[in-house]
Amino acid sequence: MAIRNIRTMGDSILEKECRPVTEVNQKLITLIEDMLDTMYEANGVGLAAPQVGILKQVVVIDVSEEPNPIILINPEIVEMEGTQTGEEGCLSVPGKSGVVTRPNYVKVKALDMEMNEVFYEGTELLARAFCHEIDHLHGRLYVSKAEGGIHDVVREEE
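Numbering of the sequence shown is given in the working numbering, commencing with residue 1 and proceeding in unit increments.
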């Protein structure tokens, strides 16, 4: 397992459409393990494969207090309800955030590591993470949805 470099805004790979995964092999397992390590190291709640330079439809998300990752292969949103508006950031847009409106409830269909179809449902932060990371697979960054643009993140002094 390894920490991979996170691509940042301006890198053309972040604007490209990702290819569906057709099989789970050792290379994909290593990618997913590395993505989890990279996400946790960067204190993120989600990471999509293009953010580490791989144009495959793979997402990892973890919004829990203790490690409890969600791995999504070829994910698609199949249901959405309600709205939520709040600050959103991205590991590929370091030091910045913006106000984005997303669905408050999202249901996602994806494949798991055994290529079995699975469904996940999420509200609030998890719903936001599903939408944000799946957008990455289609070459979209949250900055295109930010209401009033993006701004510097102000860190509180400890």
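It should be emphasised that the hints constitute simulated quantities derived from the structure, not laboratory data. Honestly, I wouldn't trust all of these hints.
Said to hold, decoys possible - Only pairs whose alpha carbons sit at most 20 Å apart, straight line, appear in this in silico SDA-like list of lysine to any residue:
{"id": "1", "residue 1": "K109", "residue 2": "V99"}
{"id": "2", "residue 1": "K16", "residue 2": "K107"}
{"id": "3", "residue 1": "K56", "residue 2": "R4"}
{"id": "4", "residue 1": "K145", "residue 2": "P69"}
{"id": "5", "residue 1": "K145", "residue 2": "G95"}
{"id": "6", "residue 1": "K96", "residue 2": "E147"}
{"id": "7", "residue 1": "K96", "residue 2": "N5"}
{"id": "8", "residue 1": "K56", "residue 2": "K96"}
{"id": "9", "residue 1": "K27", "residue 2": "S12"}
{"id": "10", "residue 1": "K107", "residue 2": "E124"}
Nothing here was measured: the structure is a model prediction, and the numbers come from that model.
Hint by hint, here is what the structure shows:
1. K109 x V99: Violated, at about 26 Å.
2. K16 x K107: 24 Å, violated
3. K56 x R4: The hint holds at about 15 Å.
4. K145 x P69: Violated. K145 to P69 sits at ~26 Å, over the 20 Å cutoff.
5. K145 x G95: 17 Å, holds
6. K96 x E147: Satisfied, since the Cα-Cα distance of roughly 13 Å is no more than 20 Å.
7. K96 x N5: 18 Å, holds
8. K56 x K96: Answer violated: K56 to K96 is near 26 Å, above 20 Å.
9. K27 x S12: Cα-Cα ~23 Å, so violated.
10. K107 x E124: 12 Å, holds
Hints 1, 2, 4, 8 and 9, counting from the list given before, are not met by this structure.
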